[in-house]
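A.B. asks: Given chain G, put chain R with the ligands in place with the hints provided.
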Amino acid sequence: MNTHPENNIEDPARASAFKAKRFALWLFIIASFMIFASLSSGFIVYTAGGIDKGIKIILPKAFITSTVVIIASSITVHMALLATRKGESMKRKILLALSVLLGLGFFASQFHAWQVLVEQGAFFINNNASQSFIYVFTGFHLVHIFAGIIVLLFAFFRPLNKYSLSQNVYNMELSAMFWHFLDILWIYIYVFLLLNQ
Amino acid sequence: MATTTTLPAADYNHNDHHDHGHKETFITKYVFTQDHKMIAKQFLITGIIMAFIALFLSILFRLQLAWPEKDFPILEVFLGKWAEGGRIKPEFFLALVTIHGTIMVFFVLTAGLSGTFSNLLIPLQIGARDMAAPFMNMLSYWFFFVACVVMLASFFVESGPASAGWTIYPPLSALPTAISGSGTGMTLWLISIGIFIASQVMGGINYISTILNMRTKGMSLWRMPLTIWALLFTAILGLLSFPVLVSAVVLLFFDRSMGTSFYLSDIIVQGQILAHEGGSPILFEHLFWFLGHPEVYIVILPSFGIVSEVISINSRKPIFGYHAMVYSLLGISVLSFLVWGHHMFVTGMSPFLGGVFMITTLIIAVPSAVKVFNYIATIWRGNIRFTPAMVFSIGMVSFFISGGITGLFVGNAAIDIQVHDTYFIVAHFHLVMGSAAIFGMLAGVYHWYPKMFGRMMNNRLGYLHFWITFVGAYFVFIPMHFMGIDGVPRRYYAFTSFEFMEKWLSVNVFITWSAIIAGLAQVAFAWNFFHSMKHGKLATQNPWGANTLEWTTPIERIHGNWPGELPTVHRWPYDYSKPGHSEDFIPQTVPYSETMSSNLPHDFEGNPEAEKIQREWEAQQLVVDEESK
Ligand code: HEM
Ligand SMILES: [Cu+2]
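Order-wise, the sequence lines are chains G and R. To convert, note that position 148 of the first sequence is 148 in the UniProt record's numbering; the numbers rise steadily by one, no gaps. To convert, note that position 205 of the second sequence is 205 in the UniProt record's numbering; the numbers rise steadily by one, no gaps.
Below are the BS3-like pairs computed for lysine-lysine, each with C-alpha atoms no more than 27 angstroms apart in a straight line:
(1) Lys217/R to Lys612/R
(2) Lys578/R to Lys217/R
(3) Lys217/R to Lys37/R
(4) Lys37/R to Lys19/G
(5) Lys21/G to Lys41/R
(6) Lys19/G to Lys217/R
(7) Lys217/R to Lys21/G
(8) Lys21/G to Lys86/G
(9) Lys37/R to Lys21/G
(10) Lys29/R to Lys21/G
Since the hints were made in silico from the structure, they are not lab data.
Next up, chain G with everything else stripped away, as it sits in the complex (with noise of 0.2 angstroms):
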């Protein structure tokens, strides 16, 4: 393990800088969310529109096995975040992997979707607006689960021995929130669209 005082979380001054990156982390989740919320409120105001707007449409059973996907790969994080604390590198790695395979596998369900989707005849282009917002609801999504893994794939490639355990554990505390987040706001979108469903 590394003892380079600069490296040491416990010292005040660094301290305070990771407090300030975990509270900027909270600032982007507030900012990503307004995207969302307006685009909720967007849907609503376009499908009070008409009695011919809405979604009609009974939405795919793959969304079903994305959430599934998607809250298992949330656990698996958690668990790389515990394995995190307890220095065991390696369990951490394989679960890490794990968890990038299963936001894969979510993207590969939410494509099938849209799949599914178009087969029902819910094009993206479309007159009634409000199905084409299933399709940017979930691609917003898609793009923030991207990134999503790339934070993963980051956190895999991570050289723990360069730095310090808290120092770890204090990255991995980050990127396990920036994927809860994408978790709980896939849940929010897919509550949305069911209640309007």
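C.D. replies: Relative to chain G, chain R with the ligands alone:
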């Protein structure tokens, strides 16, 4: 290099990207710098350049408005096909108006203003060595820079820049066939704003987390200068509202390039019915103004902060109603999210909803008025020093009052339905937002110039700049109210084409001349600004006799801000002309134990120990006085 070695403490807060001990090269010092003070200057200078470009665009379209029938051969020389025969084309006129508005609102008064002063003042006034994430701070500037370049690049594409107005309402902005500017120009506009929003979000996150996490010892929230409060609320507004613009812009992008119908319906272009069906342009207006109204407060809040500070310092009086100032900022910020409908009174909104928006809109005038009254009460019977910063601040308050009053008019749906989209609106927002915010920004530049460059600006040029700009701006915008009441719509190309507008041509000539003269006055500013960097009088450490922390840093502006330890804060920032003290200001770093003769009971915030010490001291003073008699 020298700066990093003499400053062991400075290295603590630096993030991991900083490479210690390397020589600072031109690139790391001036280009990809992570020092907040340098980034502030980058924002400021880019903002000033953009402001000059936008000013120039406005002069071009003012020429057209004043002399619609006249040829200016010189225009053809540098505008080419956009001014064939020396006359600006209608499409290009619309592009000029659009890009003028976009640059001024987003690039000058948003990024140029809050970018500059957040970066400069937040670490300096709260006692931090730098921002929470200096690397992200650097990215924020460079994203802004790229956004500027992309926006300006649209002047060089075949079909010209975006032309749908700064509010880019669809369907005009959504259909490339509708107007030439809605082609590539509009695409570039959307890309530029996308990059711009990324820059704002990165900056905003940094500002908020720095203010809330990195204040020095003793700097409790209620001891923060009002500039910091204002910049905090500005950043929060930006963080909550800019993402909404992302949604609006992305949906617009889909409508434009992919054929979706979020905003489009029932459209016939050149006899052809388009496939888009079922969309609603009103949806765009909702999304846009949900950002748009907070955005106008994002523009004005930093000016509020700057002006509070400058007026208090130059009146040598504590700011009147410090808490009221903070709560009014809070009130304005909350309310600014609830009033967007006042831009949409004529969209067929139900009268009930219109009434709701009318009430929220008129309520926002209350905190605004609180601020104005407090400024005036601060100046009242002060020891006023009319520095250039002070006169610009007073100018800002004047513009805010004049423009705010017409806000009350247009906030009433019954009146707004008459004057919506006329020159009355142009007059309203150019006074209350345009002129007021730019005056706040200029006040800030004159005031903190010594902190940024270590030298003073020339005062005489400052006054010259002030008077011509102040009078010029009123000459430009006051007449527009009357045109608006007469029903003259904004964004019309040639007044000669409409009989009822023709009588206003002479007024237009007057406005254009005023604008040209006020524009020329800005050259005095530019010269003053750039010339003083090298040749201005050398600044002293605290040239204005101010209390805030930035004036305790060395004049040389070192990386890390303070040599050695960070300062400790003992009091609020507005102890000016405190009775019993020998000087007319007491910096925040001076402890109460050194100012026994001026302490007041409420200074101790109910700390019994300190109160006891003070009482004992006062009792002793009495004895001393008795004996000396
Ligand atoms: C006293 C409080 C204010 C009230 C009641 C008020 C009311 C209004 C209303 C009702 C409109 C819409 C007019 C129309 O388009 O028909 C409007 C437009 C506008 N206001 Fe205000 N306003 C106030 C203060 C401000 C402030 C402080 C700013 C900026 C700092 C501002 C900036 C604008 C802008 C930029 C527009 C026009 C945007 C456009 O259509 O291009 N207003 N205001
Ligand atoms: Cu508004």
